[in-house]
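Same order as they appear, the protein sequences are chains A and B.
According to the working numbering, the first sequence is numbered sequentially starting from -6.
According to the working numbering, the second sequence is numbered sequentially starting from -6.
Where hints are given, some of them may not hold.
Since the list gives no way to pick out one identical chain from another, each pair is judged satisfied if it fits inside one copy or across any two copies.
[Claimed, not checked] When the alpha-carbon atoms are kept at most 20 Å apart in a straight line, the in silico SDA-like pairs for lysine to any residue are as follows: (1) K122 x G89; (2) K159 x D135; (3) K159 x G132; (4) K104 x G132; (5) K159 x R44; (6) K122 x G132; (7) K122 x V87; (8) K122 x E195; (9) K159 x E45.
The set of hints was computed from the structure by calculation and includes no laboratory data.
None of these values were measured; they are calculated from a predicted model.
2 protein chains.
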Amino acid sequence: MRLPVIVGLDTLGGDAGRAGDLASRLCSRVSGFKIGLPNLLSCGGIGEAVREACPDSLIVADLKLADIGNTMRLAASRVVGWSDAVIAHAFPGVEGGLDELKAYLDSEGRKLLLVAAMSNPGASRIADKVLEEVVGVIGEVDPWGVVAPATRPSIIRLIRGRFPGKPILSPGVGAQGAEPGSAVNAGASYEIIGRLIVDSEEPLRVVEGLAPAYKAVMPGGSRF
Amino acid sequence: MRLPVIVGLDTLGGDAGRAGDLASRLCSRVSGFKIGLPNLLSCGGIGEAVREACPDSLIVADLKLADIGNTMRLAASRVVGWSDAVIAHAFPGVEGGLDELKAYLDSEGRKLLLVAAMSNPGASRIADKVLEEVVGVIGEVDPWGVVAPATRPSIIRLIRGRFPGKPILSPGVGAQGAEPGSAVNAGASYEIIGRLIVDSEEPLRVVEGLAPAYKAVMPGGSRF
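Based on the provided sequences and hints, a complete structural model is requested.
This is the structure in structure tokens:
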């Protein structure tokens, strides 16, 4: 059984060989992989390597796009060759922004994920004031799924309540402080775990060690 | 004399040869170049090519970063080899976000630019509600400069009033509708012009044709 874990490959320094090797050892045990902007800017072919290692895993290009529609569409076009889903922020809004990105990803058969809130402490200063507007943008754009931080379970509960059928991906588990299982317990579909797994000497053993945390909060199995 | 124009190279499809050629023809007439995420994700070495063509121009890596500090720092580390400045959003806030990015760029002798507002119509839905908070983050982080849209001169005036000494870069001139000269007239230091120049058959002639627009609004020469 695959755990509701998406492995964040953000600290690999763009090393495609190491990423492909790590992914191939983990893909039967986790739900997918998230490849961040630092790795993609390293230009080492890491996305293609992970796709080759794990043909049927969910692979997310974590571009955190936040620009005008034309630029977001062009940026997404660089990753649709190997990714299933692209992460963008909600704050560019719909018109001349996410409308164009959503239409493009739909035309390519790829998924859009919108960020509801970020996981670092400073982000709440601005994001908390516009959470209702962000939820409104998510409702209007109707992305495949939502990104909400494990460090703030109240936001996961809010998003789960507003969008009962949408996958929720939660970063912030492990190095950023949230306990494995805590985001799923609050209503998330997947927890994104990076450094805890990737920086370990024995990543497979770390993943296997996570199973009880999910079993405890998902007695009936995965929500999706 | 160099015009207060920064050429946005967003539509070149990652073609480093074309970018280097275009830049070498323009760098004595414009103030700099902005290289966007789509081009950088194309992995064609476009940043290095523009730097080689124009060693003393201001070269801006337009990553529009909006993530936790650790990820923004790693992403910025991929472009400091050829760029003078990196664009990030104010939305991530200070703690665990822009504080880490600013410290990293300072340590590398590179400039930080923070986005005050975006230029697409839909962006005002969220951004207008938090403009005061965004200005507060800019004041606290103290970046080298600010990005404010030419399509919204009232925001340029606000930022110029709050931060009299900071360079302001304004996108939105040309294809997005603002007239050349209008953002400088409102208080911007540079106008970012992309498609109008880059998609032209005769980019140098387009740039030369812009000179009167700036002469009219800058009788005393550039502000910076």
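Same-copy or cross-copy closeness of K159 to G132 [CA-CA at most 20 Å]: Classified as within: same-chain Cα gap 11 Å, cross-chain 38 Å, threshold 20 Å.
Up to 20 Å CA-CA - D135 versus K159, copy category: within (9 Å within a copy, 39 Å between copies)
Alpha-carbon proximity between K122 and E195, which holds within one copy, between copies, both or neither at 20 Å: neither (41 Å within a copy, 46 Å between copies)
Homomeric proximity label, K122 with V87: Cα distance no greater than 20 Å: both (19 Å within a copy, 16 Å between copies)
Status of E45 relative to K159 across identical chains (alpha carbons, at most 20 Å): neither (27 Å within a copy, 47 Å between copies)
Homo-oligomer pair classification [R44, K159; C-alpha up to 20 Å]: neither (24 Å within a copy, 44 Å between copies)
Status of G132 relative to K104 across identical chains (alpha carbons, at most 20 Å): within (15 Å within a copy, 37 Å between copies)
Within, between, both or neither, where K122 and G89 count as close if Cα-Cα is 20 Å or less: between (23 Å within a copy, 19 Å between copies)
Homo-oligomer pair classification [G132, K122; C-alpha up to 20 Å]: both (18 Å within a copy, 19 Å between copies)
The earlier numbered hints that this structure contradicts are 5, 8 and 9.
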